[in-house]
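Read top to bottom, the protein sequences are chains A and B.
Quick note on numbering: the working numbering labels position 278 of the first sequence as 278, and the sequence is numbered without any gaps.
To get the working numbering, take the position in the second sequence, counting from 1, and add 1000.
Keep in mind the hints are simulated off the structure, nothing from the lab.
Be a bit skeptical, because a hint or two may be false.
[Unchecked claim] Pairs of lysine-lysine residues, derived as PhoX-like cross-links and limited to a Cα-Cα distance of at most 25 Å, are as follows: (1) B:K1055 to A:K209; (2) B:K1085 to A:K231; (3) A:K209 to B:K1085; (4) A:K458 to A:K271; (5) A:K458 to B:K1055.
Chain residues, written in single-letter form:
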Amino acid sequence: MKKSYAWLLALMLVLSAFLAACSGNEKANSKDDEKDDETPVEETGPVDGGTLTYALSSEFKGLLNWNFYDADGDDDIIAFFDDGLISYDENLKAEPNIASWTTDDNQNFTFTFEKGVKWHNGEELTVNDWVFALETIATIGGEHQRWSNVNTIEGAVAFNEGKADKISGLEVVDDYTLKVKFDKARVNNLENLWSYPLSQKEFAGIDPKVMAESPQVRTNPVGTGPYKVNKIIPGESVELVRNEDYWKGKPHIEKIIVKVIASELTTGELKNGSLDMTPFHPTILPEVEALDNVVVERYPGLSYYYVGFKLGKYDGSKNVMDKPKYSDKKLRQAMLYAIDRQAWGEAFFSGLAKPLNRPVPTSHWIAAPNEDMPNQYTYDPEKAKSLLDEAGYVDVDGDGFREDPAGKEFVVKFSHYDTGNPTFEARAKAFTQYWEEVGLKSTLQMTDVNLYYDQIEKDDPALEVFYGGWGTGADPDPLPTWGIDTVWNYPRWVSEEGQQLLEDAVDLSVVGTDTDKRKDLYAQWQAIFNEEVPALPILELEEVMAVSKRVKGVTFDVSGPNDPHEWWIQE
Amino acid sequence: MLKYTLRRLLGMIPMLFLISIVVFSLAKLMPGDSLSGEIDPNNTDPAYIEEMREKLGYNDPIHEQYFNWITKFVQGDFGKSTRYKIPASDIILEKLPNTIYLGATSLLITYILALIMGIYSGRKPYTIGDNLIAGANYLGLALPSFIAGVFAIYFFSFNLGWFPSNGSVDIQVEDGTFAYYLSRLHHVFLPAVVLGLLSTASYTQFLRNDIIENSRKDFVRTARAKGTPESTIYNKHILRNSIIPLITFLGFDIVNIVGGAIITETIFTYPGIGQLFLNSLSQQDYPVLMALTMMFSFLTLFGNLVADILYGFVDPRIRLD
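Sequences and hints are given; from them, build the entire structure.
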């Protein structure tokens, strides 16, 4: 009797310890709230000083140079301390940054550099640093990620093969002027060209093949940007101090700390005020929006998601449409009408998603307005049903599900990747339910993400209807993802007419330098896609960044935040 | 003893060899490879991916890949990390000190807590204090470290603000100063406690039971009869006898710490080899993955060996030869 009483007491004490911790928490919160109310925010204009803490959710690899980085995380850090020669405006059109250019024929370009731009080591940036970068990449050749951004320069291939001791297409006129000749005229020569210099002084004498391992890249990087790297703890944090001589003006914030934190900690750290700025996953948006010391900045993204159908296979050099199961256009259209994309996006992307009717994110200048597309695909199950009836998919055996036109059982086999994120199965299941509502029997298969992409790429028969997405870059050309001869055209869709339009749009002899003409061709292609729906365009995603209310002067457009030297901190 | 140790060490070689075959095959059988995550149609050229696959030997038959890898591995060349682009050994050496520091702190905290609580419970069994400690211990045993870690962060970092929730040191303090070491201790404390939670609980219970058992033995009764003070009996006669078996746990601790670090480091975003291991696994960075797996396997075998040898030391009745 006595013993069991003691146990009870022990349990109660443990519980009360927990409760004490909980109530302590509430007190601490209300104190914070009061503090916030006491200091009214006044707009005083930029203030000097302060430290900004920026968080990354995955470890950075330490390849801290534009010329060698290849992963998420590293680029966020490099952007603080190094500039590109060219930047992109809110429509993703190239605009001069350090370099401006002129061209008459899209083959010969003359670039002019700003004078007085200095590397952090004190050297002045000249066109020779750019030539050095291009030659470095050309020396490494095919093993460098960016070789395809350099090999279009005339003579780059010969230089790579050792047949020439310099790239013939590069002509240094003086320290601030460089003439670049491409192997042929293209509409996107400029966008494709690698436009990040490499400090000649820092990397002098290092074999290009081992540059990525050098301390100049990993622990002691230099750039021309608004902040200088002061200290790096590999894989954990980076301390940056402002570059007093920054060519665009002295930055306001004195120090920037970039640190890696597990994504689960984001909300707590933001609430504590130990974090000022961070990108985050859309699923935690409601929690972050609920914080009163943080503003959620939304800006247009460059990614879109689709549901693809395997219509054929890749034969090693081109795509061939030879799988008949989903070849009926009406079936595919009906499957899109059956989905309530608006509701689905709100449920699984916290409202950050917008339905789209073409495989191009709205922010790209080539995007045709959603409204101009021949089909709007607003949620309409009745329309879906009548389309299926027309196409011959009717219920003949009375089991409540439709059979295919030949009267055989028809099952939509839908696959979705599995990364351990619990919302993925729910959102995939929702699709199969939408389809079952219009009478298409559907099954769902969750596949481990690595295996999933392997299966998609190799046209594994286990995969029929799949969920996928593309994040696109500054170059809007859809050829790499939807062309006839590309392996990344996962649905294996072939449309002669569409291919012709895409090829014409990058053919200088057809479009010249007229962007309106290009845009028109792309709009026609998007209309074909919209009608054929080889992949059902589902939605495009907005990017989000949490910014503490004490950080001012931060604006966002499709290419990300503005230059950090314009930011400032209001204490 | 020496002969025994040598024999055991030699016995490890075929074992490690077999482990390496199994782990390598399993790693390679995983779908995809280290390049499959990198595909970005507008930035990555398919020719680049193909060229890298060819260069890294991913297109060779698996036994050839294994043979290439093991030949270099025994020569001390662990390969170049596909993610970090530096030798795998460099990246492991960069992270290893953090993990050793975490492990050592965790052990220290475990020993201190377990001794205090174990001695108290053993001396005053079945009192409220003993029951409270037992309650806490069962909680410690029942809570998996990933739950304990999350709760620890929630209470001690977010609500009370006593400890940082991530990282190994504050970057703004200068290296080598007193503040620097303090900051490192401040950062390692919470993960170390969570990592040591399980062993603290089992040590405490073990010590308590051993003390209770010893206190009923004849030599204790004799000491009491002689009029030896109670504190001397517990602190000298009993404690010495009860601590000895604990020493043998050291070998298993090495194993536990390495295994536990994988989870704890990931939760606390603490940059050690545990976190490195998980990242390498998800990114399929084979050279780092294989080097780490071999290291973990070796430590497990080594930890068992240490435990066996310590048994022999502590209890001479166990003959090892």
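| task | Verify the proposed pairing of B:K1085 with A:K231, using a straight-line Cα cut of 25 Å. | result | holds, 21 Å
| message | Checking one constraint from the list: CA of A:K458 to CA of B:K1055, max 25 Å. Satisfied? | response | With Cα atoms ~21 Å apart, A:K458 and B:K1055 stay inside 25 Å; holds.
| Is A:K209 within 25 Å of B:K1085, Cα to Cα? | holds, 11 Å
| task | Sort out whether A:K209 lies within 25 Å of B:K1055, counting only the CA atoms. | result | This hinted pair holds, its Cα atoms lying about 14 Å apart.
| Is A:K458 close enough to A:K271, meaning Cα to Cα at most 25 Å? | It is violated: about 45 Å lies between the C-alpha atoms, which goes past 25 Å.
Violation of the numbered hints given earlier is confined to hint 4; every other hint is satisfied by the structure.
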